[in-house]
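So the chains spell out like this:
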Amino acid sequence: MRLTGAQALIKSLEMQHVEVIFGLPGGAILPVYDPILDSSIRHVLVRHEQGAGHMAEGYAHVTGRPGVAMVTSGPGATNIVTPLADAAMDSIPIVVITGQVATTAIGTDAFQECPITGVTMDITKHNWLVTDAQDLPRVIAEAFHVATTGRPGPVLVDVPKDVSNAQMDWYWPAGLEDLDLPGYHPQTEGDPEQVRRAAELILGATRPVIYAGGGILKARAAGALRELAERTGIPVVTTLMARGAFPDRHPLCLGMPGMHGNYTAVTAMQRANLLIALGSRFDDRVTGKVSAFAPDARVIHVDIDPAELGKVRRPDVAIAGDCRVVIEELLRALETLGLGPSTGSPVSGTTSAHDGGEGRDLGPWMAQVHAWQEQFPLSYTQEDGGALKPQFVVETLRDMTPDDTIVAAGVGQHQMWASQYWKFDNPYTWVNSGGAGTMGFAVPAAIGAKVGRPDKMVWAIDGDGCFQMTAQELVTASAERIPIKVAILNNAYLGMVRQWQELFYEERYSEVYLSPDLPDYVKWAEAMGCVGLKVESAEEVAPAIEKANGIDDRPVVIDFRTDAFEKVYPMVPAGSSNDDIIVRPSEGEGGR
Amino acid sequence: MSAGPVPSAAVPAVGGGAPPRHHIVTAIVENKPAVLTRVASLFSRRGFNIFSLVVAPTDDERFSRFTIVVDVESAPLEQIMKQLDKLVNVVSITELAPDEAVEREMLLVTVEAGAAARDEVAALVHRFGGTVLDGAGQGGGAAGDRMTVMLAATPGAIDEFEHTVRPFGIVELQRTGRVALPKLGPRTAPVGDTTPLGGVAGAHQGEAG
Numbered sequence: 001m002r003l004t005g006a007q008a009l010i011k012s013l014e015m016q017h018v019e020v021i022f023g024l025p026g027g028a029i030l031p032v033y034d035p036i037l038d039s040s041i042r043h044v045l046v047r048h049e050q051g052a053g054h055m056a057e058g059y060a061h062v063t064g065r066p067g068v069a070m071v072t073s074g075p076g077a078t079n080i081v082t083p084l085a086d087a088a089m090d091s092i093p094i095v096v097i098t099g100q101v102a103t104t105a106i107g108t109d110a111f112q113e114c115p116i117t118g119v120t121m122d123i124t125k126h127n128w129l130v131t132d133a134q135d136l137p138r139v140i141a142e143a144f145h146v147a148t149t150g151r152p153g154p155v156l157v158d159v160p161k162d163v164s165n166a167q168m169d170w171y172w173p174a175g176l177e178d179l180d181l182p183g184y185h186p187q188t189e190g191d192p193e194q195v196r197r198a199a200e201l202i203l204g205a206t207r208p209v210i211y212a213g214g215g216i217l218k219a220r221a222a223g224a225l226r227e228l229a230e231r232t233g234i235p236v237v238t239t240l241m242a243r244g245a246f247p248d249r250h251p252l253c254l255g256m257p258g259m260h261g262n263y264t265a266v267t268a269m270q271r272a273n274l275l276i277a278l279g280s281r282f283d284d285r286v287t288g289k290v291s292a293f294a295p296d297a298r299v300i301h302v303d304i305d306p307a308e309l310g311k312v313r314r315p316d317v318a319i320a321g322d323c324r325v326v327i328e329e330l331l332r333a334l335e336t337l338g339l340g341p342s343t344g345s346p347v348s349g350t351t352s353a354h355d356g357g358e359g360r361d362l363g364p365w366m367a368q369v370h371a372w373q374e375q376f377p378l379s380y381t382q383e384d385g386g387a388l389k390p391q392f393v394v395e396t397l398r399d400m401t402p403d404d405t406i407v408a409a410g411v412g413q414h415q416m417w418a419s420q421y422w423k424f425d426n427p428y429t430w431v432n433s434g435g436a437g438t439m440g441f442a443v444p445a446a447i448g449a450k451v452g453r454p455d456k457m458v459w460a461i462d463g464d465g466c467f468q469m470t471a472q473e474l475v476t477a478s479a480e481r482i483p484i485k486v487a488i489l490n491n492a493y494l495g496m497v498r499q500w501q502e503l504f505y506e507e508r509y510s511e512v513y514l515s516p517d518l519p520d521y522v523k524w525a526e527a528m529g530c531v532g533l534k535v536e537s538a539e540e541v542a543p544a545i546e547k548a549n550g551i552d553d554r555p556v557v558i559d560f561r562t563d564a565f566e567k568v569y570p571m572v573p574a575g576s577s578n579d580d581i582i583v584r585p586s587e588g589e590g591g592r
Numbered sequence: 001m002s003a004g005p006v007p008s009a010a011v012p013a014v015g016g017g018a019p020p021r022h023h024i025v026t027a028i029v030e031n032k033p034a035v036l037t038r039v040a041s042l043f044s045r046r047g048f049n050i051f052s053l054v055v056a057p058t059d060d061e062r063f064s065r066f067t068i069v070v071d072v073e074s075a076p077l078e079q080i081m082k083q084l085d086k087l088v089n090v091v092s093i094t095e096l097a098p099d100e101a102v103e104r105e106m107l108l109v110t111v112e113a114g115a116a117a118r119d120e121v122a123a124l125v126h127r128f129g130g131t132v133l134d135g136a137g138q139g140g141g142a143a144g145d146r147m148t149v150m151l152a153a154t155p156g157a158i159d160e161f162e163h164t165v166r167p168f169g170i171v172e173l174q175r176t177g178r179v180a181l182p183k184l185g186p187r188t189a190p191v192g193d194t195t196p197l198g199g200v201a202g203a204h205q206g207e208a209g
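Going down the list, the sequences are from chains H and C.
For the first sequence, this note's numbering gives the first residue as 1, with consecutive numbering after it.
For the second sequence, this note's numbering gives the first residue as 1, with consecutive numbering after it.
There may be inaccurate statements among the hints.
[Stated by the list, open to error] Distance ranges between label pairs, derived from CB positions: (1) C:Pro98 x H:Val312: 21 to 31 Å; (2) C:Gly47 x H:Tyr513: 31 to 41 Å; (3) C:Gly169 x H:Pro182: 45 to 55 Å.
[Unchecked claim] Listed below are the simulated DSSO-like cross-link pairs for lysine-lysine, each with C-alpha atoms no more than 27 Å apart in a straight line: (4) H:Lys311 x C:Lys86; (5) H:Lys534 x H:Lys547; (6) C:Lys82 x C:Lys183; (7) C:Lys82 x H:Lys311; (8) C:Lys32 x C:Lys86; (9) H:Lys547 x H:Lys423; (10) H:Lys11 x C:Lys32; (11) H:Lys423 x H:Lys456; (12) H:Lys289 x H:Lys311; (13) H:Lys534 x H:Lys456; (14) C:Lys82 x H:Lys289; (15) C:Lys32 x C:Lys82.
To be clear, the hints were calculated from the coordinates, so they are not data collected in a lab.
Note that CB positions come from ideal geometry on N, CA and C, so glycine has one too.
The shape of chain H in the complex, shown without the other chains:
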């Protein structure tokens, strides 16, 4: 069958079971947009290419399937660089297809020419410049394989216009042996000897903590993690990327560690004598000052990416492998060493002895953990008639939405409050930009998530600064009937920067004020085809959320006017030891 390169490209995406492309056409990608008209694949027309990239990420976050974005050459391609960098940092599988000027024009500074494979080389897992239409099916198959296996990540395929227009003989690679990837062999199974050593350490530890990262979600290992925790009685911290990987309401869940983690999660890691790091990477926002991080802990580190093992902290036991596979291997090894069978029900938080390790008794450790939880809970005060607290908005929203609601966040204070105060009891319900810290992520990511999971309620919790970066995608959402809901925690500031200036720059506020009503968010929302609501006091919060929850035919934006002085606590100042955690304002300098 003779096809054009463009037809072969779209047919290849169909062969990959792609159901939606987020994109925006332009000159160099024009040939590929023609066969879209004849394809079963849905195309969501974005208003800015960055939106397409974040939508693909949001889609991938909640479905586990690769998100696909398609844009033209030059500025179209450079506009999607930020989502690629974001996806690289958070190991999100997305496939970005860019148009390129004709091969005969490459290198001539042609109109809308940009060497995008060079630009994105360091922020993709891999990229390809296709120079022969006959290669397209194989390269697309390779791109999806690389994006979704091993440590997932973004890939980019650059397709020159003459390649799209050229004729080729259609084929489809029958299997991995038809791909040309001689150097790509991700390892999924753990080394049995290391697994056995890990099991021994687990049974011998008196102060263990499971440090669960985003790798748990990528490996579909939430179930395996829960079994490991319940059968060993070991408490679990879930990093920002792992929120939902272990239920927040589970008695063994300690919540989020790190710079704005809760006291118990941070301190349990500091005092632990064994850290079981599963799909986590000892990010600086988790460890604080590395040399002072968890000083007494031996470390078991499991990661699909061998380069993470020892990158930051030298592990005592390093296991390269897929988290789900390795946890299952670990459970078998623990059984061999005498750990009793599962009780079939969640262990009580105060459980003391478990079978297995001789004299192993987690009772005193869990008692200590519970004492911290009681003494240092997350806290804020919503005063009657007082300024609206952002945490109150998050808690009310949490309580008024289904438990499996998907929450997307941007980056900053609102993101931390969302992560702290939401109760994530289901995996794949939290969509955020962790490693890259990309402001403006929430709105497009929520749209992508809603496209992937139209059956679920999707809320974006956003900041006013973030919202202004990518709000135009609400036009996309209105036009495409993608009814997301957006809660803007509008404190009229670039709040996290303001918080740092207050605490560390002697309240010298430099370029952080945004104004609460410029733009007028309600009018803006309405202009974009959404319902716009404004909330200025605590008593208006619930009615507005109730109204928003009842609207399912268009997006809703609620402008919550929140207290500009509220800060995110606890806080470990940058570069400090986690031992120096500031639990509440009175302990910090300049607190209000």
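Following the hints, put chain C in place on chain H, whose structure we already have.
Then chain C, alone, in the frame of chain H:
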């Protein structure tokens, strides 16, 4: 595809002082467009320093062999190798410890060698096992005052030769950066490949590697 050395900014290549802590990494890499950039860019992105880098196709033209001398002060060797191995185009990667590798490097150098110094320079070249490529014996003009010499030897021998001819006056100099292959097993190791890196002694063995 081939490329010359990519020297790191700060590390001097010439003799004297303690030798820098170098390791040799050899990688078999798919011979695809931009693969040199991918490798070089990885080093730059991760803050690893390259001391020298040589790349050329192997006997199988689908693959190229990289010989990279890395400065392990900049990062643990293990981390460098693991990050390199993550590149999709990298097929295999091996560390070659100096005592387990056969290494050679080539030097082209143009030396001031007027009538008074000619015989002395020629003798030095001979002693190090080098070859005079240009300017030998012809009278008149620049060719009569200068000599261009090739030396293929261990990097240590090349350092030594460079140091030795420097007083005569070096006009231009190009080193290739080192290439290396693993040593054969003890039973099959050919005589002449047993001298470890460095020293004039290695130079006497000529270009056996």
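Hint numbers contradicted by this structure: Checked against the structure, no hint fails, so every one of them is satisfied.
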